[in-house]
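*Asks:* Residue numbers (my numbering): 1 to 400.
Source of the hints: derived by calculation from the structure; they are not laboratory data.
Quick reminder that beta carbons are idealized off the backbone N, C-alpha and C, glycines included.
Incorrect hints may appear among the rest.
The list that follows gives simulated cross-link-like pairs (lysine-lysine, DSS-like), each with its CA atoms no further than 30 Å apart [what the hints assert, rightly or not]: (1) LYS127 to LYS104; (2) LYS123 to LYS196; (3) LYS174 to LYS154.
Distance ranges between label pairs, derived from CB positions [stated by the list, open to error]: (4) GLU60 to LYS356: 22 to 28 Å; (5) LEU130 to LYS153: 32 to 38 Å; (6) GLU94 to GLN293: 31 to 37 Å; (7) MET311 to LEU101: 50 to 56 Å; (8) MET138 to ASP158: 41 to 47 Å; (9) PHE211 to GLU60: 26 to 32 Å; (10) ILE67 to ASP44: 15 to 21 Å; (11) ARG365 to SER6: 48 to 54 Å; (12) ASN381 to VAL41: 43 to 49 Å; (13) LYS219 to ARG99: 36 to 42 Å; (14) ILE128 to CYS195: 52 to 58 Å; (15) LYS316 to VAL41: 42 to 48 Å.
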Amino acid sequence: MQISQSCCMHDEKLILYCKDHENPCCGKCVVESHKHCKEIVSLDVIIKNAKTSVSFHETEDTLTELIENVRKLRNVHQDNLTDLSKKIKAIELEIQRTRLLINKHLDKIQKNLIDEIHRAGDKESEKIRLSIKSSDEMEHCLSEYQMKIVNIKKYASDIQAFMAIKRIETGVAKEEECLLSYIPEEKLNYVTISCKMSEPIQAFLGNTKTFGEVVIETKPRRFTLSRKKSMQAQMMLPKIQSMSIENITARLHQRVDTESKNVRGCCILPNENMVFACFDKKSLTFAYVETFQDLIYYTNTNTDDVTCCDMKGTVKWKFAFQNMTMIPLGITIDNTGNVYVTTGNNNVIVISPDGKRYKELLSSRDGLRNPIALYFDRRTNKLLVSNRSGDAVIYDIVQK
């Protein structure tokens, strides 16, 4: 790791340190960029005992802690991977088990149906065989009558022929009557057999396109980072240069038609689309609440004040509007803790992070028409203000 001891801008030795910007600098840097900074000290004073300083040890401890947290995170992901693999195998076994159950059930109902077909077929076949037997007996009887007539022609006398033919006529008439009884109205029953598949089976074949549905669920799992000191986490955050409320100005950026006069909340999404929440006239204790870092900010229209408290509810400060003929409404916070509030007096005021100072930032002269909700986009330093008149305005927040 190479660290230059010379200024990258002026190529001169770094001899001073600006505490305001937390930056080492050379003599030219002080003249050009730090002439208004109040705490410029010798770099030698700052670097003295650097390796044994609290900051050095805290950074070292923080690195150890971060590595531990990364390893814990990796272990959780590894456990997730192992668990996912086990779940996949369990699902495969469940699919196979279900398939076997389906096959077993289909085999059973198939056998039942085939057995039923054979029983019905055997019953009808037996009926047909009886009919065939009757037909054979009838044919045999008629054939005998036919042979008798042949013999009568050859050997019987006239009187014998006359007497015999009468008896034969009577027998033939009975056989004809019996035959006609088998085919009433010249219709003969002809038995067929078929099978109509059950509707659930047809529906299963027609409608079942998949064996099941794969469902992926992402469930939050508690994961606690190791933190030896809360200050260590804060130390890793980049320091944001404070912005004094006296130097804050707003420049009109865009006007938007919200098509609503009851907007109570608004924000700018990362894709720069805007979202507006409309009030539904239900009762709310606090309609305007905002958080920043570990603090909660809210306005109270009953007591006409702005309150800042910690996450446990301990009040840090209150800013009262009682003597200002203003009713606090919407609230938002910028990157440095400055508090922006819309009021019933057609303006937006900004309050210092300690709650002790304020100034009017915007008024009707800047395009406000009964402002209610507002939102500070900390990525772009843009302030979105929604008016009761049904439009919204975006301002660029700049420092003089």
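*Asks:* Run every hint past the structure and note whether it holds.
*Replies:* Right, here's what the structure says about each hint:
no.	hint	verdict
1	LYS127 to LYS104	violated (35 Å)
2	LYS123 to LYS196	holds (19 Å)
3	LYS174 to LYS154	holds (26 Å)
4	GLU60 to LYS356: 22 to 28 Å	violated (38 Å)
5	LEU130 to LYS153: 32 to 38 Å	holds (36 Å)
6	GLU94 to GLN293: 31 to 37 Å	violated (49 Å)
7	MET311 to LEU101: 50 to 56 Å	holds (54 Å)
8	MET138 to ASP158: 41 to 47 Å	violated (30 Å)
9	PHE211 to GLU60: 26 to 32 Å	violated (56 Å)
10	ILE67 to ASP44: 15 to 21 Å	violated (33 Å)
11	ARG365 to SER6: 48 to 54 Å	holds (51 Å)
12	ASN381 to VAL41: 43 to 49 Å	violated (31 Å)
13	LYS219 to ARG99: 36 to 42 Å	violated (29 Å)
14	ILE128 to CYS195: 52 to 58 Å	violated (19 Å)
15	LYS316 to VAL41: 42 to 48 Å	violated (31 Å)
Checked against the numbered hints above, the structure violates hints 1, 4, 6, 8, 9, 10, 12, 13, 14 and 15; every other hint is satisfied.
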